[in-house]
Amino acid sequence: MTEPDLSVDVGGLRCRNPVWVASGCFHYGREFAHLFPLSELGAVVTKGTAPEPWPGNPGVRMAETPAGMLNAIGLENPGVEHYLAADAPWLRRQGATVVVNIVGRTVEEYVRVAERLTPEVADAVELNISCPNVKEGGLAFGTSLRETHRVTAAVRQATKLPLFVKLSPNVTSVVDFAKAAEDAGADGVSLINTLLGMAIDVRRRRPVLTNVFGGLSGPAVKPVALRMVWQVAGAVKIPVVGIGGIATATDALEFLLAGATAVQVGTALFRNPLAPLEILDGIRAYMRQNGFARVTDLVGAARTAETAAENLPRIVEG
Amino acid sequence: MTEPDLSVDVGGLRCRNPVWVASGCFHYGREFAHLFPLSELGAVVTKGTAPEPWPGNPGVRMAETPAGMLNAIGLENPGVEHYLAADAPWLRRQGATVVVNIVGRTVEEYVRVAERLTPEVADAVELNISCPNVKEGGLAFGTSLRETHRVTAAVRQATKLPLFVKLSPNVTSVVDFAKAAEDAGADGVSLINTLLGMAIDVRRRRPVLTNVFGGLSGPAVKPVALRMVWQVAGAVKIPVVGIGGIATATDALEFLLAGATAVQVGTALFRNPLAPLEILDGIRAYMRQNGFARVTDLVGAARTAETAAENLPRIVEG
Amino acid sequence: MAGDPEVAAAEREGRVRSPWRPERARVVAHARRGAGWFKLTLHAPHTAGAARPGQFVELAVLPAGHAGHDPLLKRPFSLCEIRPSTGEVTVVYRAAGRGTRALSAVPAGAELDLLGPLGRSFPDPGRFVPGAAPRLLLVGGGIGIPPMVAAAAWAREAGRDVLALVGARSAGELAALDELRATGVPVEVCTDDGSAGRRALVTELLAGALAGAASGGGPAAGGGEAAPPAEIWACGPEPMLIAVQRIAREAGAPAYLSVERPMACGFGVCMACAIPRAAGPGYLHVCVDGPVFRAEEVRLGDGA
Amino acid sequence: MAGDPEVAAAEREGRVRSPWRPERARVVAHARRGAGWFKLTLHAPHTAGAARPGQFVELAVLPAGHAGHDPLLKRPFSLCEIRPSTGEVTVVYRAAGRGTRALSAVPAGAELDLLGPLGRSFPDPGRFVPGAAPRLLLVGGGIGIPPMVAAAAWAREAGRDVLALVGARSAGELAALDELRATGVPVEVCTDDGSAGRRALVTELLAGALAGAASGGGPAAGGGEAAPPAEIWACGPEPMLIAVQRIAREAGAPAYLSVERPMACGFGVCMACAIPRAAGPGYLHVCVDGPVFRAEEVRLGDGA
Ligand SMILES: Cc1cc2nc3c(=O)[nH]c(=O)nc-3n(C[C@H](O)[C@H](O)[C@H](O)COP(=O)(O)OP(=O)(O)OC[C@H]3O[C@@H](n4cnc5c(N)ncnc54)[C@H](O)[C@@H]3O)c2cc1C
Ligand SMILES: Cc1cc2nc3c(=O)[nH]c(=O)nc-3n(C[C@H](O)[C@H](O)[C@H](O)COP(=O)(O)OP(=O)(O)OC[C@H]3O[C@@H](n4cnc5c(N)ncnc54)[C@H](O)[C@@H]3O)c2cc1C
Ligand SMILES: Cc1cc2nc3c(=O)[nH]c(=O)nc-3n(C[C@H](O)[C@H](O)[C@H](O)COP(=O)(O)O)c2cc1C
Ligand SMILES: Cc1cc2nc3c(=O)[nH]c(=O)nc-3n(C[C@H](O)[C@H](O)[C@H](O)COP(=O)(O)O)c2cc1C
Ligand code: FES
Ligand code: FES
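The listed protein sequences correspond, in order, to chains X, P, Z and Y. Everything in the first sequence is counted per UniProt numbering, starting at 1 for the first residue and increasing by one. Everything in the second sequence is counted per UniProt numbering, starting at 1 for the first residue and increasing by one. Everything in the third sequence is counted per UniProt numbering, starting at 1 for the first residue and increasing by one. Everything in the fourth sequence is counted per UniProt numbering, starting at 1 for the first residue and increasing by one.
Treat the hints with caution; some may be incorrect.
[As the list claims (entries may be wrong)] Lysine to any residue pairs mimicking SDA-like chemistry, simulated, CA-CA at most 25 Å apart:
#1 LYS237/P - ARG206/X
#2 LYS135/X - ARG116/X
#3 LYS237/P - GLU306/P
#4 LYS237/P - ALA305/P
#5 LYS179/X - LEU139/P
#6 LYS179/P - GLY12/P
#7 LYS135/X - ASP176/P
#8 LYS179/P - GLN157/X
#9 LYS135/X - ASP183/X
#10 LYS135/P - GLN157/X
#11 LYS237/P - ASP176/P
#12 LYS179/P - GLU306/X
#13 LYS179/X - GLU136/P
#14 LYS237/X - SER173/X
#15 LYS179/X - PRO132/P
#16 LYS135/X - GLN157/X
#17 LYS135/P - VAL175/X
#18 LYS179/P - GLU147/P
#19 LYS237/P - GLU52/P
#20 LYS160/P - GLU120/P
#21 LYS179/P - GLY12/X
#22 LYS179/X - THR143/P
#23 LYS179/X - GLY12/X
#24 LYS237/X - LEU139/P
#25 LYS179/P - GLY137/X
#26 LYS135/P - SER173/X
#27 LYS237/P - THR304/P
#28 LYS237/P - ARG205/X
#29 LYS135/P - GLU52/P
#30 LYS160/X - GLU120/X
#31 LYS135/X - GLU306/P
#32 LYS135/P - ASP176/X
#33 LYS135/X - PRO78/P
#34 LYS179/X - THR172/P
#35 LYS135/X - ALA235/P
#36 LYS179/P - LEU145/X
#37 LYS179/P - ASP9/P
#38 LYS135/P - ALA235/X
The set of hints was computed from the structure by calculation and includes no laboratory data.
All chains should be modelled from the sequences, with the hints used to inform the complete structure.
Structure, rendered in structure tokens:
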């Protein structure tokens, strides 16, 4: 059999393959470049990047949990100007496909970063709307439909690059947020960001994280992420990028079969920096064994008439 | 040191200790009675019980996930009349403190079950609002503030027993739901029920569960459950019963320190039917080592001025 | 549930439950044996003393005291051999997924927590009036062969006329065949690829044996009813069990099938292991009503 | 980050980074040694060849190929011994939590994935002009003693005058003391309870040694600046490091501290291991800027 075709077009972003690395788990890529060419990845998603450098949170920023981890990094990042001066040229030299994850505390801050991202320095933009909206009292943009629409529309105005909105899972109906992003002009949605969680140190009788709350990621969240990807892929027309607990080729295939056009590997990189390459190998092997010539033929292949919402029993849990 | 005092009053329900077993993970208790006296538990929460027998869902009802499991049992239960005839008298003979978890597809169904629960057959009622509300198009009661208030108020009218409302974690702001329950007359809230999730069988290219979606439980969800308990305990005056991934004494202590007055052990029972007793032993040992005479002194002990919401950094995740 | 017709039938036939309990078992021996299958010998005196063939254990796949929560759940395994005198039981399993792969790394000497013995056994082979017992055909497919080892030993002890019919895709997958032969019952073997025994499906062996029985005749039964040509106990993949169900019905042979469903608890509280009743609405539960069912009780092939 | 003053200083002093990579290590030996601490010998040729004392590895706590995701993350461990000739390294660890308890069950012969060598080393002990090197005081507390073993061997090889000062709560917690003595450097021992060596805190030994050095005098330094009384390398619990920081500052002795922070990646991408800069806002990162810092670089005791 000929080599399977892994290429995908994700909302106008053409990628060699559907395996990306997730924001905050790959920094700006330098730490991996001696292990493999970054051009072998579908795309590199950078650390969340703000208009100015952000220092991040004080104290304990990380706690391990069963099959997962909590982080309260606080979006420590060197700012977009540093990105433009130091990382963008370097990433270009690596031949990487680059999605810049952007963060801000006001709509204006998001727009400021987006405006700096020309096609020379970025191939696409991913809008991280889990940030606290300081003008709206600190609640995350990503838990308000109105603010999600507003910030997406504003950034849409500010960039011609493919625009992905990264959705928070900490909402009642993720489908509504995906639709709001679509409606505001997003070219795709990526999900999920982390689930809000916490841990307590019983010896010291205080929260493990100095910040009390943190974002839960890793294999523990995979079932929730996959469910949300399934729901959203059935509800919007723009492509979905699946994220959450992907550590093996089987995990990645689950997301593709659920309807994701691409996937991102996050926390798994910490345990195994070569995980994306092993996942690619596994996807290739699966395609050969099951006679798939194009990876796009896998996308949504687990969705059938029987599994459509209207044909399901009503009582889900318990 | 004298024997630590483990007794708790949870919204008017006096319990020997704060370690309960969770609904759907203990059935009606018969399967455990040869292992230990049920009276050693803080309380037994029964399987969700409907006005009539419910058959449950067809096909595959269970899938294991990393450090967790998905269930789509579909609330198979023998109905309240069977409970009254067969289980209630038996549970009374065991000397168990019994909380009956009730389910329904309309407000009227919930009320019908609640009206059958006299003090002779139940010590308290736990309202499972994760059920699909057939009159409102099948969305769960527990994801609508209005319906949560409505069903709670109606059941409040129907029973004088202590009433706990069991909250769904699949919402943007669990605090609002806890307040709605409090406002409608609940004596306490229990949380969390399961997180909605799914798994895909890549070999067969279809969802593992015939029902597609299922409820995620087990250690994987503990960080989310603990965060929600922390949030709710800081926002309502009624007691909170903590549930989600509790498998060890350390887990249980985390929930107590976060502000839960009692905890429920669910999925852990499948792996270790003796888990509640081991947890009790561990709590006792912790109290002795740390000089706590009353378990109520542990409740909320990790909450300090520094960890109050207004003193926290704003950027949580990432 | 008490009062159920299924329960009454099961009790009458000696498909018993046993008092189960949690037990910390020591791994006495653990070795890879065939194509991807392993044999595990456990010192588990309570289970060894109380178990009947057809029953199973819920076995942890991580050693006792392991700090991890993944894989989370115990796994159900049918008992292959039951030795009350030494307090040992064996299970034979295929390294199929995450759970059994984790299990396969547990070394001899380690301890594994289990619950056992669980579920209902095969029917008591000695329940017939002397001379009136039909011939017993044991049918095992692949990783369904191991429970037939304990079953064969039990039936032989009860003086039954037993023939074991076993099949697998290829020779390496005939799990616990040596153990089955060691019980002394005659064994007919087949494989899909002909690498051991006849090239056939085990259900073809069964049809053949039943045809032989029909012409040769079973033991004369007193009373008006025609004596059944044979009694069948079967364990194997669900398509095989469905075929056995059909063959048995057509031949008028009582059949007992050992069935698998995904389980969370294994002892009757979670309701995960539901299997549709053949007649009427609702479900039976494999972990407490089975895993051995009379073929007429359950509707197979429901996708679970 | 490149261009940082800290980086420039580190490079100047020979606090090097090494090219790290993922490596599948074989467990050569693994044994419980003292009160709750274990010694693990790994065959990891890349790490053994590239590592410098003070560097660490990120080590999986479940054997390679294990199906489970819990505990999820690798754990950082400082290298205790580095043997390029045999391709072996050792780490010494305390079974403290879920991760190290899981690790302690991994048998010899198993394979463990690791990333190594990671972080910045202690400064090059041979960086001084001959005769101008101050006396080197190695300070190790409890499970902070093991990295001093590699450090002592390195410094001795470089011809430095070395004295090791080690302490723990009690004799059984003097981790890797035998290995430290085997390097040939003189060792002063103390314990909180007097069960081995002096009944004292290791920081009291340090103060004493510095007082001795101040009166006895270090090697004469050419130039106008007063010669430092000694150079200090320390590893141990954070309260000990804070005391060392203060003692060193008061004595005018340059000090290098090996610091711990919770880590997710260990190689500079997750930003979990932040430690506040002593001067100015913002953070350094223990896994890439440390774990060995010059005492003036970092603000300890921030609660992390
Ligand atoms: C009563 C009973 C007796 C059994 N006896 C044996 C035996 O003797 N030898 C043997 O090799 N296997 C036996 N099985 C199947 C065994 O329990 C494992 O579940 C199966 O091999 C899956 O392997 P895994 O756990 O590695 O797969 P995983 O991929 O880790 O399993 C994922 C989940 O699916 C469930 N699952 C997957 N396949 C099955 C299955 N066929 N039956 C039930 N649950 C499944 C598992 O329980 C688990 O929760 C028996 C099952 C039952 C119900
Ligand atoms: C650079 C460095 C070198 C180290 N060298 C050694 C060594 O040589 N010997 C040794 O015994 N220990 C060492 N540690 C600590 C070790 O990595 C373990 O994290 C610590 O022993 C906790 O044990 P655990 O994983 O069993 O605890 P768990 O309870 O399983 O840990 C929970 C989480 O907290 C983190 N954590 C807990 N305590 C610490 C700590 N003190 N430092 C960093 N993270 C922590 C863990 O990484 C883990 O993610 C070192 C840590 C660092 C950062
Ligand atoms: C340490 C850490 C830092 C992260 N930083 C960011 C970030 O800067 N921007 C962002 O959009 N997501 C960030 N995330 C979220 C991940 O990109 C991803 O959405 C999430 O972790 C779920 O995927 P995983 O389970 O594969 O890690 C971060 C996650 C982790 C663990
Ligand atoms: C198999 C199963 C059945 C359940 N059935 C019910 C139920 O009938 N009513 C209910 O309120 N919750 C039910 N739950 C939810 C649990 O009571 C509990 O809220 C949840 O599983 C989280 O706790 P855990 O992680 O300790 O299991 C069920 C959970 C499981 C796993
Ligand atoms: S497996 Fe839980 S009821 Fe059968
Ligand atoms: S541990 Fe990840 S950056 Fe240091």
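Quiz item: Looking at the structure, which of the earlier hints fail to hold?
Solution: As far as the earlier hints go, 8, 10, 12, 19, 21 and 33 are violated by this structure, in ascending order.
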